[in-house]
Structure formats: C-alpha cells, structure tokens
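Trainee: As a plain string of letters, each chain reads:
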Amino acid sequence: MDLNIKPAETYRGDYTFRNSGDAILRFPFPFPDDNYMYSVNIEPHVRGGETVAFQATFDLDEHYVGDMADRAITLADDPLRCQVLPHMAEAEWDTLELLMESLAHDYPQHFSLTKTGDEWHWVNRPLNIDQHFTFGKAETLPYGPFEYITRQVQGDFSLQDQRENMLYMDGGMVTSQADWSLNFDVGMSFTEWHGPVPLAHEMGVFDRALQYLLRLQLGKPVRRLNWTLTANPRLDTSPENYPAWGPEKASITAENVGERLCLRVELQTLTRLPRSNAILFGIRGYLIRLEELARVRKWAVRMHRVIRNLNPQIAEYKGMTRYRQFIIDYLAPFDDGRVLNQGIAAEQSSL
Amino acid sequence: MMLLLTNIETLTPALKKFTFTAPDAAPLPHAGAGVHVVVEIPGPSRKWKNAYSLVSSPESTASYQIIVRRVEKSRGGSAWLHDHAKQGDLLEVGMPQNLFAPPRRAPRHLLLSAGIGLTPFLSYMHVPGLAFELHHCCKVEDAGAFRALLPQAGNITLHTSRATLDLHALLSRQKLDTHISICGPEAFMDFVLATAAQLGWPAAKIHKESFGGATGGKPFVAHLRRSNLTLNVGEEESLLDAMEAAGLNPPCLCRGGACGECKVALLEGVADHHDHFLSPAERAANNAIMICVSRAQTPELVLDF
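Here the protein sequences come in this chain order: A and B. Numbers given in this note's numbering equal positions in the first sequence, counted from 1, plus 1. Numbers given in this note's numbering equal positions in the second sequence, counted from 1, plus 848.
Same shape as in the complex, but just chain A (with noise of 0.2 Å):
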C-alpha cells in the first residue's frame, strides 16, 4: 500500500501536527447515524469498508514517524506505560511475529522480515532499524520482544489472558490513551477495566461483548470504532499526566474551538494469538482538528448532529461539558438540514 511518511510533528508543546488532505479524506470518521448511543459494534477486520484505515491489517499513515517520536518520548519519561506480566511471554512473540508480518507483507517498500528458522532479520527503513534476533530469545533485541515491536507500530496496544472464562489485561503499551492507566489497569478483568463506562453496563454491552471475545477465532479478528475529543493533538492524555494536559481543556474558547479542538477516534483491532491464545487488543488513535474535518461537508455536519444530540451522561464521561456548545456553535453553519445518507464514506474525494 502506498505510505507517504512525513517528518515528524509535534503532539505537545508547539504542537505542530497537521493533517494533509490525503490524510483528512483517509480518516476513520466514527459516526455512520445522526445519533451515537453504545452498542457492540464489532464487526469482521478484513480489507476494504469505508475508511483507506481499513485496508491494513495495522494502519500507519503519514504521521507514524511522529508517534513513534512520541512515544519514545513519554516511555522515557515513565517506562511503565509499557508492562507485561511474566505469564505472558508467549503472548510477546505471538505479537512480534503478528505486526512484523502484517507491516511487511502491507508496506513492503518501507519494512521487510526474512527468517532463517529461528534467526530473524527486521528492516524498518522509515526509522532506520536493521536487527537480526533469534526468535524466541529475548535477549537478542534490545527491549523485550512486546516492547520491542510496539515502539515501532502506531496504536496502543494491550494483551488480554483469558483464563475462567474472562480476560485480563496483562500487557500493554500505552502512550497515546483517552485517558486512563495501564500501570492502573493491568492484571484487572475485562469487567473491572470497563467499571468506570456508564450506561454500557446496564445496557448488558459488556457481558454480550465478553461472551463474543471469548469466542473470538483464530485467522478471524474483528474491530470496532471509538471516539473521544480532545484538546489539542496531544498523544499522551494519560491520567498520570494530567496536570500537563487537563488545564488546556479550559484553554477551549468558542473563537479557538475549530483549530484546537481535536476528534480522537480509536480504530480498535482484536486478534487472538495462535500459540499464547492471549487476544491483542489494537488501539490506533487517529486526531484530527475540527477544522481540518469540517473540510468534509458531510462529516461536520453529522457531528454538528450527533453531539447536539448526546446523552447527557456520555457526554460528562467523554469530558466535553465544558466546551460541548462551542463545538455545536462551530459547526452548525455547516448544517443547512440536508439528509445525510448511512455510513462513514466522505462521499468527496478531495477537499
């Protein structure tokens, strides 16, 4: 697949992230109804659909030297944003193996692995990385195999055991959350890591959707979409760092709310592992300004719609109260009342 990889931008301090109009028209918009409520809205991860995002089975675009830049960044200042529990160690090669394979077989001009048995050569030319390891031997790369390949793919990531009928969080990498904490969250069982969710619960989402996961088939992954905004296009709004991040929520006015305001949209991808039969988990965060998405007619004007429309409580949980109406005065302009058909497509293809 074509990737055209930008130098990296910044997602703190001056934050010079932008999109291009590729990557506008490329981006994963989450909302194919004038009204969002919780559902399980799980389905079948194969090529195709309505996003380019879906095309891959892990999705890098133009930012990913920037992320990876990011995320070396904030590992440095807190190495416990990466964590795997020591039962999982089959799980971390299961994971190596899975990405090493997806990125060279989807961007072969950018990443290429050639095994020998067990002696493995990994060419990541984007950031100039050449390592021959053995397979299986994790003292032959420079992180443990899990951290090792998570500093080189866009997207969160954590590995879910299951045993008793549940799953738990026993890994991960973590650098780019809407807001909450692996070092809080890991060891805990799937009903535990979602408590803080409100209405989903009652709703029976999360049972219906544990039951599904626990059935989920080897060679047969699936995802779903999640969003969240934030201000500014900041990676790292995780709750240890709070203090850097939470005071620019108040930083949102109505004349700022289109450039600084961002859509966080997480492309969530579950993958059981063959030999570990743990599941990744795939969390791939894609920002975009209000203005930048606003570019597509029909996207601002379904999200004029479905924010006007959202459940009060959904709408506290994402941690918009305080500039809810600006983003709705901001894009109503946009909304001559038109009917908009199903789906995500940008229905334009270009700006």
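Do not rely on the hints blindly, as some may be mistaken.
[What the hints assert, rightly or not] Which bits of chain A does chain B cover? Going by a derived footprint, with three or more residues having C-beta under 8 Å, they are:
{"#": "1", "region": "43-54"}
{"#": "2", "region": "150-164"}
{"#": "3", "region": "216-224"}
Honestly, the hints are just simulated from the structure, not real lab data. The model shown is predicted, which means the values in this text are computed figures rather than measured ones. Every residue, glycine too, gets a C-beta built ideally from N, C-alpha and C.
Position chain B against the provided structure of chain A, taking the given hints into account.
Mentor: Coordinates of chain B only, in the frame set by chain A:
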C-alpha cells in the same frame, strides 16, 4: 482449509496417528498448546465433523498431527478414518481453535488424563518453561503405545490400573499454586472433580476438556420454528448433525458442549443437557439447549431457529 493426509501410523488396533500437510507444502497457521481442529469426514451417506486435539508441537507449521481412537459404537467418523482414510486423501480441516489453553499464570501444573484424553497434553509439553507433572491412565494393552508417545522423565507416570494412581494422596500433596488440567472420559473426569472437591480444591484451579461425549441417544423430533422444518434426530447423530444434514448452518465451534457458540433458544419440550456450558440455573430454566451434544427428554422439542 483443504489438507493432504500424508501419513497414517497405527499405534494400537484402536489408535492411529494421522499427519496432515498443506497440499502445496505451505506453512500451516501456528497452533498453540491445547488447540483442536474440526475434521470433516466424508461418509457414504453423510458427512461427519469431529474435533481432535493437535498433538504436534505449536512451533510445527509444516504439519498437523492428530490421534484418533476408533470408537466401538462409533458415530461413524472415527471408523471411517481408521478403515477408509488413506495417504493422499484431501480432507477439510478447520482453523485451529483453543478451548483448553494451559493457564499460564499457574507456576505448577498437574495434568491428569485417561485414554485418548492424553492428546492435548502432548502439545502442552512443548510450552517453554511449563512446570508440570503428568499422570496418564490407560488400558494395559495400550501402555506400550502411550509410553512411546511420552518422553522418559521423572515427572511423567503411566498407570495401567486405578490402583496405582492414588488420587487422594496426589492431590493432597500438591502445593497451593498448582493448577489441575484434566482430559478423558466423563467417568474419569467426574472422579477427579469429586476427589478434588472433597479436598476443598477451588473450582478456579481446575479445568477440563472433553470431546466425543455422548452425542447419541434416544431418537427425538426437533421442530425448528423459524426455519419451518421438522427433523428426526436419530440415535447415532446429534441435533447439530441433523441440522447440518438438512442444509442448515447453525453457529458452532467445539462440537463438544464446551464453548457455548451453538446455544439455541428452546421454546417447547424438555432438554436432556450433556454440555459443560450452561449453569445449573440456566438448565433449570429449560429455555436454551446446546445443540452439539444435548438431546431431548420429551419426544419432541421446539427450537427458535
């Protein structure tokens, strides 16, 4: 995926080992410890789908191996594999699925098997660093074959009589962090579970796998309300078999009453539950049935399908 049967090895008159590879010798998907595959077996009048544990190493992507016991009163599948399958046959083999992964958090594993129930543990032995003690029970005449499958090691014991396996003593001397995995005939697993319960063993520290449970039984009639079909379920077939034979494609995975995938709402009649999935409360409610193994106490059932 369609796989080529490349080797058949007779272990005993009742046990054969089958080796499958991809027809183009391409690597097969990795299959971790405890996985099974569903093999489609072509019979003269109908097709069987049987689940078998892979006994090959999880790192082996060149071939998959299964061991099949010829069931005396066979539903047909194992008899066909024993009597008719030959090298060069192409058979449909499903993707590996795992309903019996070793709980890797446990520092120590006590593996208890009987008869063909040894098969999942043959793959467990390949898990790097798995600290285990295995006790396998089998008939005297099968001991040689099983001994040949097992490495000579102090942590592996073969029993040809219940008398040499003092389960009470074995369970009593385990440390608190030991996890028990069991696989074998129902009576064997019930015996282990009862002994463990008597000793106060927590349920979360035991897991079991059973395939090829009682799928046969008294014939009954199943009315499928939404499909507007009436099926006669014979004594040698399961409700799932009968539905598939009628051209239906109900969701299913393990075909052994363990995974829960094939649960169907029961509208009328009383189910005869043989699964390991529904809780006692769900069974008492009598409003769902696992169609892969469960049957009917009443002459007829009405299902929401």
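Trainee: For each hint, tell me whether it holds in the structure or not.
Mentor: We went through each hint and held it up to the structure:
1. 43-54: violated (count 0)
2. 150-164: n = 3 at 8 Å, threshold three: holds.
3. 216-224: As far as the region 216-224 of chain A goes, the hint holds, because 5 residues have Cβ atoms under 8 Å from chain B.
When each numbered hint is compared with the structure, a violation occurs for hint 1 only.
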